[in-house]
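Chemist: Numbering of the first sequence is given in the working numbering, commencing with residue 60 and proceeding in unit increments.
A few of these clues could be false.
[Stated by the list, open to error] Pair by pair, the computed Cβ-Cβ distance ranges are:
| id | residue 1 | residue 2 | range |
| --- | --- | --- | --- |
| 1 | Arg281 | Arg189 | 13 to 23 Å |
| 2 | Lys335 | Arg281 | 36 to 46 Å |
| 3 | Asp306 | Arg79 | 21 to 31 Å |
| 4 | Gln145 | Glu288 | 33 to 43 Å |
| 5 | Arg595 | Asp80 | 41 to 51 Å |
[Unchecked claim] Pairs of lysine-lysine, DSS-like flavour, derived with a Cα cap of 27 Å:
| id | residue 1 | residue 2 |
| --- | --- | --- |
| 6 | Lys187 | Lys163 |
| 7 | Lys462 | Lys434 |
| 8 | Lys163 | Lys125 |
| 9 | Lys196 | Lys163 |
| 10 | Lys353 | Lys337 |
| 11 | Lys409 | Lys434 |
| 12 | Lys197 | Lys356 |
| 13 | Lys449 | Lys462 |
| 14 | Lys264 | Lys353 |
| 15 | Lys337 | Lys356 |
| 16 | Lys335 | Lys287 |
Keep in mind the hints are simulated off the structure, nothing from the lab.
Beta carbons: idealized from backbone N, C-alpha and C, even for Gly.
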Amino acid sequence: MENAEIAGIFDEIADLLELRDENPFRIRSYRNAAQSIRNLSDRLADLTDQGHDLSAIPNVGDATAKKIHEILETGVCKRLESLRKQVPPGLPDLMRVPAVGPRKAMQLHRELNIESLEELKHACEAHKVRDLDGMGKKTEETILQGIATVQSTAGRMLYQEAAEHLDSLAEHLDTVAAIDRWEVAGSYRRGRETIGDLDVLVHAKDRTKATEAILAYNAIGRVIGRGKERVSVRLEAGLQIDFRFFDAAAFGAAWMYFTGSKAHNIRVRRVAQENKWKLNEYGLFKDDHRLAGKTEKAVYARLDMRWVAPELREDRGEVEAARQGGLPRLVDLDDVRGDLQCHTTASDGKHSIQEMAQAARRQGFDFLAITDHSKRVTMANGLDDEAARKHADAIREADADMKRFWLMAGIEVDILKRGNLDLNEKTLTAMDWVVASVHYDRAMGRKAMTDRIVTAIASGVIHCLGHPLGRIIGRREPMAVDMDRIIEACVDHNVCLEINCQPDRLDLPDTFCRDARDAGVTFTLGTDAHSTDGFRFMPLGVKVARRGWLRKTDVLNTKTITALKKALRK
DNA sequence: GCCGTTTTCGGCCCGACTGTTTTCAGTCG
C-alpha cells in the first residue's frame with residue numbers, strides 16, 4: 060500500500076471523529092500525521108520492511124505507528140472500520156461543501172436524514188433546510204452554491220492555471236489608485252503544484268474605495284463575502300480569491316501568516332512562545348507591544364531565524380535550519396542558462412529547429428537541447444536510427460549558424476519494456492545529449508518497473524532520466540517505482556534526474572528531489588516545449604527545484620556552455 | 001493522539017466573517 064492511501068485513511072478517521080464531535084486535538088493529530096506521511100519521500104512499506112521506527116516520523120507517535128503496521132499487514136485499519144459503522148457513509152462528503160462543517164453535516168443528517176450531496180441538494184431546493192435551528196434562507200443558498208462548486212471544480216487547479224488568472228488580476232489591481240501595495244500569499248506563493256484558492260494581501264489607506272475597485276474586476280462571478288478586513292470572491296472560472304487588508308506595520312507578519320503553510324506557521328509560533336511572545340497575522344508581540352511585523356525578514360530575525368524562502372515553508376525541517384543557519388541557498392530562475400528538453404516538427408513539435416532555437420535565445424537561454432522522440436512513440440512520429448542521425452546533423456548545421464549559443468543534438472529515447480533503449484548504441488553515443496523516458500507499458504509491478512529503469516540508467520549511453528514518475532497531475536498516477544534504487548543507480552552511473560516543467564507533470568516531484576540531492580544526484584530542467592511558447596514553463600520547474608531544496612550547483616542548466624561541455628565529457 | 005535541553009502530564013495557534021442571533025456557534029484559513 061502506498062503512502063497516499065495510508066494518509067487518506069488517517070484523514071478519513073479525522074473526518075469521522077470530527078463528525079462525532081470528539082477531542083479536537085486528537086483530530087488534529089490524525090490530520091498532522093496524514094500530512095507528515097504525504098511529505099515523506101520514503102514509502103512506509105519500505106521503512107517497515109527495513110525495520111525503521113515509524114514513530115520517528117514527525118507527528119507519528121506509538122499509536123499511529125501501530126496503526127500503520129496494522130494497515131500494511133492487514134490492508135485495513137480496525138479503528139476506521141469501527142468508526143465507519145458509527146457514522147453514515149455520506150457525511151464526510153457533506154463536509155466538502157463550503158459552509159458545511161461537522162456540526163451542520165450531523166444536524167442535516169439527524170433532522171432531515173440527509174446522507175449524500177444529492178440529498179442535500181434536493182433538501183435545499185425543497186426549502187427544508189431553512190427551517191432547521193440556526194439555519195435560514197441564506198444558509199440554504201450558500202449550501203446550494205457550495206454544492207455546485209464542489210461538483211464543478213473538484214477542488215484544486217494546476218499552478219499554471221492559477222498563474223494565468225493571477226496575471227489578469229494583476230493587470231487590474233495595478234491600475235487601482237486606492238491600492239498602495241498588494242502581494243499574493245498562500246500555496247501559490249509557496250509554489251505548490253496545485254492551488255485551492257488565491258490569497259491576496261492588500262494595503263490601502265481607504266479600504267472602502269479599494270474594495271469597490273476590487274469588486275469592479277470583470278472576471279468576478281460572485282461575491283462570497285465582504286467586510287472591513289476581508290473580501291472574498293469567486294471568479295467565473297471557479298477560482299476563489301480572498302483579499303485581506305493590512306496596515307503597513309503588520310504587512311510582513313500578515314504575508315507570513317497567509318503564506319503558510321499552516322504547519323510551518325505553527326512551528327514558527329512555537330518559537331515565539333519559547334520567548335513568551337505571541338505571533339499572529341498582525342505581528343510578533345510581547346504583551347501588547349509589537350516587536351516586529353512590517354516585513355517578513357524582521358519577524359524571522361526577531362525570532363533569531365534566517366528568512367525562509369516561501370517554497371521551503373512546508374515544515375520539512377526548514378525552521379530548525381533557519382535557526383541554525385543551515386538553509387540552502389536555493390537555485391533561482393536567473394541562474395538558469397538553458398533548456399535540456401524540447402521537441403520540433405521532426406517528431407510531435409509544432410516548430411522547426413531554427414524556430415525553437417531563436418525562441419530559446421529570445422528567452423535568454425545560452426543553450427538548448429533538441430530532444431525529439433524515438434520510433435517507439437509512433438503517435439508522435441518518433442525517429443528511427445537513420446532519421447535520428449540525420450536530425451542530429453541538421454541540428455549541428457543550425458548550431459554552426461549561431462554565435463555564442465549551443466544548439467545540442469539530442470534525443471528523447473524510449474525505455475522499452477525490458478530496459479533496453481529504442482535506438483542503437485551507435486546512434487545514441489553520437490548525440491550531445493540523451494534523455495531516456497518511459498512512455499509505454501506502464502502497467503507492470505514495482506520491482507519490474509524499477510529494474511527496467513535501472514537497466515536503462517546503467518546502459519552507459521544516457522545522460523538523463525526524463526519525467527521519472529510518468530505522472531499526469533489529476534489524470535494519471537505516478538508509476539510505482541523504488542526511488543531509492545533509481546537514485547542509487549543515477550549516482551553510480553552519473554545520470555541526471557529531470558524535473559519536467561510541463562504544468563501537469565512537474566515530475567520529479569519536490570519531495571523526491573531532496574533525497575536525490577542528498578545522495579548526490581544532479582538535476583536537469585526540461586520544459587519539454589512542443590512549440591516556441593513552451594519555454595515559458597521554465598519557472599514552474601524552478602519552483603519544484605526550490606521546493607526540493609536544490610541549490611544552483613545541483614542543477615545542470617545553470618552551467619555555462621563551456622562548463623556544460625566539460626561536464627558531458629564522459 | 002503528539003510532544004518535551006524548563007514538562008512523561010497537560011498542554012495543544014489564533015482571529016475574522018456569516019447568519020442567525022440578542023450574545024454566539026460554526027466555519028474557514
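Chemist: Does each hint fit the structure? Answer for all of them.
Modeler: Consistency of the hints with the structure:
| no. | hint | result |
| --- | --- | --- |
| 1 | Arg281 / Arg189: 13 to 23 Å | holds, 20 Å |
| 2 | Lys335 / Arg281: 36 to 46 Å | holds, 44 Å |
| 3 | Asp306 / Arg79: 21 to 31 Å | violated, 42 Å |
| 4 | Gln145 / Glu288: 33 to 43 Å | holds, 39 Å |
| 5 | Arg595 / Asp80: 41 to 51 Å | holds, 49 Å |
| 6 | Lys187 / Lys163 | holds, 14 Å |
| 7 | Lys462 / Lys434 | violated, 32 Å |
| 8 | Lys163 / Lys125 | violated, 33 Å |
| 9 | Lys196 / Lys163 | holds, 15 Å |
| 10 | Lys353 / Lys337 | holds, 15 Å |
| 11 | Lys409 / Lys434 | holds, 18 Å |
| 12 | Lys197 / Lys356 | violated, 42 Å |
| 13 | Lys449 / Lys462 | holds, 22 Å |
| 14 | Lys264 / Lys353 | holds, 16 Å |
| 15 | Lys337 / Lys356 | holds, 17 Å |
| 16 | Lys335 / Lys287 | violated, 30 Å |
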